[in-house]
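Residue numbers (this note's numbering), protein chains in the order written: chain A, 120 to 444; chain B, 24 to 329; chain C, 4 to 334; chain D, 4 to 509.
Read the hints as simulated data drawn from the structure, not as lab findings. Just so it is clear, CB atoms sit at the ideal spot from N, CA and C, and this is done for glycine as well. This list has only true hints and no planted wrong ones.
Straight line, CA to CA, 35 Å or less: simulated DSBU-like cross-link-like pairs of lysine-lysine:
(1) K197(D) with K435(D)
(2) K270(A) with K141(B)
(3) K270(A) with K234(B)
(4) K282(B) with K52(B)
(5) K120(B) with K258(A)
(6) K355(D) with K259(D)
(7) K102(B) with K286(B)
(8) K158(D) with K326(A)
(9) K45(B) with K254(B)
(10) K141(B) with K258(A)
Which chain A residues face chain B? A few, computed with CB under 7 Å, are given here:
(11) K258
(12) N261
(13) R274
(14) Y350
(15) Y354
(16) D356
(17) V402
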Amino acid sequence: MLSSLLKSREAVLAFAILVLVALIALRFPAFVAPSNLAAVFTDTSPLIILALGQMAVILTKCIDLSVAANLALCGMVAAMLNGMGVPLPAILLAVIVLGAALGAVNGLLVWTLNIPSIVVTLGTMTIFRGIIFLLTDGKWINAHQMSAGFKAFPRAAFLGLPVMAWIALAVVGCFALFIARTPLGRALFAVGGNPHAAVYTGIHIGKTQFAAFVISGALAGLTGYLWVARYAVAYVDIAGGFELDVVAACVIGGIAIAGGAGSVAGAVMGALFLGIIKNALPVVGISPFWQLAISGSTILIAIAVNARSQGKKGRIILKQAEHRA
Amino acid sequence: EPMRIALVVKALGIGFFEAANKGAEEAAKELGDVEIIYTGPTDTTAEGQIEVINSLIAQKVDAIAVSANDTDALVPTLKKAMERGITVISWDSGVAKDGRLMHLNPSSSALIGNTIVKLAADHLPEGGDVAILSATTTSTNQNTWIEEAKKVLPNYPGINIVATVYGDDLADKSYRETQGLLQTYPNLKAIIAPTSVGIVAAAQAVEDAGKVGSVNVTGLGLPSEMAGHVKSGASQSFAIWNPIDLGYSATMIAYHLAKGDAKAEPGAEISMGRMGNVKLDDNNEGAMADPFTYDASNIDQFSSIF
Amino acid sequence: MTAASQPTPRHIPDRLKSRLSRTLKSWEALLLVVAAAIFVANALASPYFLDPWNLSDASFNFTEKALIAFAMAMLIIAGEIDLSVAAIIALASTVMGSAMVAGAPVWALVGLGIGTGLACGAFNGLLVAGFGLPSIVVTIGTMSLFRGISYIVLGDGAFTGYPPEFGWFGQGYVWWVFSFELALFAVMAVVFGVLLHRTNFGRLVYVIGNNATAARFSGVRVDRVRFILFLLTGVMSGVASVCLTSRLGSTRPSIATGFELEAVTMVVLGGVSILGGSGSIPGVVIAALVMGLVTFGLGLLNVPGIVMSIIVGGLLIGVIALPRLWAMMRK
Amino acid sequence: MQAQSASGTAPVLSLRGITKTFPGVRALNAVQLDLYPGQVTALIGENGAGKSTIVKILTGIYQPDEGTIAVDGQEIRFPTAQAAGAAGVTAIHQETVLFDELTVAENIFIGHAPRGRFGLIDTARMVEEARHLLASIGADLDANIRLRDLGIAAKHLVAIARALSIDARVVIMDEPTAALSHKEIHELYDLVEKLKAQGKAILFISHKFDEIFRIADRFTVFRDGQFVAEGPMGGVQEADLVQMMVGRAVDQIYPKRPAEIGAPVLTVAGYCHPTEFDDIGFTLHRGEILGFYGLIGAGRSEVMQALFGITRPSKGACKVEGEVRVIRSTAEAVEAGIVYVPEDRGRQGAVKGLPIFQNVTLPSLGRTSRHGFLRLAEEFALTREYTRRLDLRAASLDQDVGLLSGGNQQKVVIAKWLATRPRVIILDEPTKGIDIGSKAAVHDFMSELAAQGLAVIMVSSEIPEVLGMADRVIVMREGRIAAEFVGETMTPENLVRAAVGIEEAA
Ligand SMILES: Nc1ncnc2c1ncn2[C@@H]1O[C@H](COP(=O)(O)OP(=O)(O)OP(=O)(O)O)[C@@H](O)[C@H]1O
Ligand SMILES: Nc1ncnc2c1ncn2[C@@H]1O[C@H](COP(=O)(O)OP(=O)(O)OP(=O)(O)O)[C@@H](O)[C@H]1O
Ligand SMILES: [Mg+2]
Ligand SMILES: [Mg+2]
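Input sequences plus hints: build the corresponding full structure.
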């Protein structure tokens, strides 16, 4: 029991996170103060939300490189709607719908035209950002151009945590339920794990991939608002390159890039791991110039560890081997 | 046909440069036969700027006035531009001497360095810990100002610079770096952000951390972007030169150099229209004007302008 | 008669369609038409376009990326990808800068730049071919690692003051308007074209890309080929680093940011299947020219870079989607 | 008009004039099929006769080009797998169609899981029902375990449970016993009886005649995609069925020519692998065809792949013509003169997407090229030489291999290896899934190779093939050599006993 627990990816990752936090605490005890940990979690919320969306896509053997651009476009639209005086609930609805629609564009190209997702999202990634430029002429929307309510919502504290963190928790909960308890959630695994067999069980590969892109897009849309409201600024380049962080979080969390395998807990912990590193480096007094190299090494170590724990299992033809296993 | 002057900025979409463009247009109108090409890369990279400059060379524009993303990387391309008879100056963020005829500093670097420290010190009679939040590690102007600031530090006893971090002129990164500063240095009294992106993000982070009153955010920023933070008290005061004036002056200088009625050489004085004359030093550099300080008393007056 | 009981086997012709008819229907032909159209459109849109010196200047927009794209094309045809190429440029440039500061001569700088590329390629190759890790995630990791090392070395500093002779690689001209980079681009196009289309090694690249398992079951040393491909990509990144560093005359850790995606875009636009197995070097050459022409043409009209990237992004999806849409509609 | 069975009941399911064409192959040509409630219909036909294709049409995976499907006399269409399930048709497919990362219960219920509150999957009920189903087929499996932790037999039981989880009127079993052990096979027979008693119509596909005679009530025979005959099992003899299936005398398919068995070429001793096989040793001679028989999953392919350098044995030695060879890669195996025609042709054999000549010259590039540069003329010459010998049918030599029929793909793979002039050729299920004409051609060629002095290993799960072609047979069971038979002792009974374990068969 214990040995199988140690072998699970999630356990390894959880252990790694604990070690990491402990090491930081050694140098800087205040890091583990509950309030600070809450702040780190809040900070990591966008990454967690996006990693879950990306997980849905990766499970189906696809990849969504356009998430950050989608986020930026939805965030900008949120800020513009706010400028027009649209009430917050309507803005929230709008960005989620817009994000889902942008995801649907990706999904449709993948589903109906069978274009590899990496090509599609490489293209839409530049197109989405370009659209922001066309919408705004490249102009920024700054804090003073946003209403107080718009900016206050994600940071409003509720039971000691900002709303942003609560939203992330809610998304994690819903997503976990969705993955474990809905036919579509299970279909994601089926499509990526064995596309051939998925057809035999009546699961439509293209439609499932489409759905995954829509989910990823909707979550990116939601995050777009949170991001813009939190940092109180919107411009073409917000969250530039963030898609790689999102993919990295999934990889660290053990979501198999070949599809069909991974867990919600893994994705969340992968995101947390990156988030903790990002937050801790300045605190621990490591030069910010080390950050990139450290996160790169982390990704490499994570892949190696995952590959080992997934290591090819024998097919157990020998009866004696079956007993040993 | 009109003289074509290209105003090349670090990246499109930044409020500061948009304002500079307004000034350039103003100068063009005043001069009459000048067409302004406002351009720049999408993100703040030297490679992007080089592509833009190459296409300007191809168009045989008459003058290029550039705010550089990298002091050195643009030099070969700008040299080529000058070989093809184009007048090249840099403004705001300079290029190395070989790559331009002259450089227009918004203000003298020493003065800016001094101002940003003074802004912090004015509100810290007892002294205290101060941190710097800069733009990218490669920004020429920020690096120069920080150097100058460190030089004048002995004049402000008690002011102690504990860290310099880089927000890369990205709002979210600057925000996170500020959070890191607030945690690492619980006794921090002020954050100096000599960049318009950084100062806004830092002020926001200080507000979110509930440290208004204990940590003062100051540095260089745009009144329109900082108005809210001055009101909230996160920033007591900050400084900036007028970017409109800067764009205006750069255009004027480029015009006169291209026309040939002025020469860029040490000691020369070149007219900047309504901004007076600029005097070049041994490096062919000149300063436009003193930075101007904004606080609660005058912010409303300027926040609608730039 | 034995002939009656054992009918002689049917004769099978070597080829059915002539080379010419296949060439005319190919992706490369389509791209060439696109390139020609863009060329004409540019010439009409801007009076400055048809100037040899301007066209020569414009070539710098794509030569370094294309050098990487040639090697990347082979890697992608073999079913792998290397997203760390831009980071390799940064690291190689940093190594050259450090050596320059230490007083190394120009030939040593070039050697070190290419050598660093080789080492980085070997590292990627080891992780992918040696340990069997997926290349896309490995190179996302090494992309941070390699550039991260540059940041550690350089921090907020820069290496400047390369010797003037070193500037020749990025700024020098071989003959008239033909820069060294343009000449290198042409030579490498031929070298990679021959390597991919005329050698055993090139054949193995296609075989592995179509079916790596079957390749292994046919006695092909699949992992060795993969490793060599990563080496090649590393070396070409090193070469690109020499050119770019020489052209910029300085090294900063942020050098060449985003080059990897442009190189991949070039490769895919050139008709290389991102899933591996098909594509050609001529296609990539034409795609490089198309991208160069588009960005230069729009640049002459002072269209902002981001609008160009929308057009390139649209072109990328469009040229792949259109034939498929066409096939769907005919069905 | 509706077909009537001997007992007078009307068919539940009735197919008429079904035609299905794949690029290059007409898999089904206007075939018919009737299934009756409470009866087991055996569908009989050689490999490639189109049996699995009809199963896929019945379960909504393929759409027929022509023809009609009727349920209870009502014409119906199955556009998706779910539509077929809804109409009460369920199948245990020949390939495993399961998901490694899902649990046993999820595998059983994917696509039609019981729903609880808010339309969410009711996990508890799902697991409960899964346990119930597994128990009903006598499978002792934990419903919550991940599928990837199960062996192949257990997986097959899950597939059966999955098929039964749909409350079906028609149950299709495509070679359900192929991967099962003796005990499990008997439990399956009991299950079939139970389903019959419940009035379900069963379509049973199998190559094993004893099985068919034991449980089937009716038979339908297909040959090369054509309907041949149908009728009740009563009164029909095995020989009649074979005659219908094959359409000619059996010995034509196994044209074994006498060959002189010469000196040892390959000697294998003590090959071990931690999980796949144990203590494998044998000697192979010139001119000999050595058969390897066993149930699917017995580990024969693994042994062959170890010889070919795909997997590495943990222990053991291998000598080729007296010389010790350490084979760590396929390249080294080819150098040693050992070549392998794999079982999984689509994945491991032909490189689809590339032309025929590039497939053929792949391991011989060293000979056709000069200084590493390709010489196409040489490649075409080599390809022409070997494809002529195998009587390949193709439009041109630069045609994509993926467009060829299965048998011709197999010929390309064999040509590829012959062009390397090997000493030992291993053929793993060489005629699996290829049509009957090609099958005879492959057998004929195998004989010829042996006659020319090549040493041949033939892995096969078909007893007639083994008996018809091999000089000597090694039977493997659970990763070990169970027995070896030569001459007189090579009887179907002996092979089956050794393959399933003698004590069980007794
Ligand atoms: N998807 C496909 N594409 C092309 N040809 C196919 C396809 N599926 C089946 N075939 C061909 O159709 C014919 C019938 O195949 P099918 O699988 O139905 O045979 P089978 O009777 O089930 O044989 P076996 O006993 O080996 O399972 C074969 O020649 C096969 O190669
Ligand atoms: N545990 C398993 N999970 C999934 N598939 C399996 C498993 N074990 C075996 N298989 C598949 O079953 C088939 C037969 O297995 P294998 O090749 O090992 O047996 P074999 O003794 O060589 O049998 P044969 O050559 O007669 O097929 C192969 O296609 C293999 O991939
Ligand atoms: Mg079948
Ligand atoms: Mg096998």
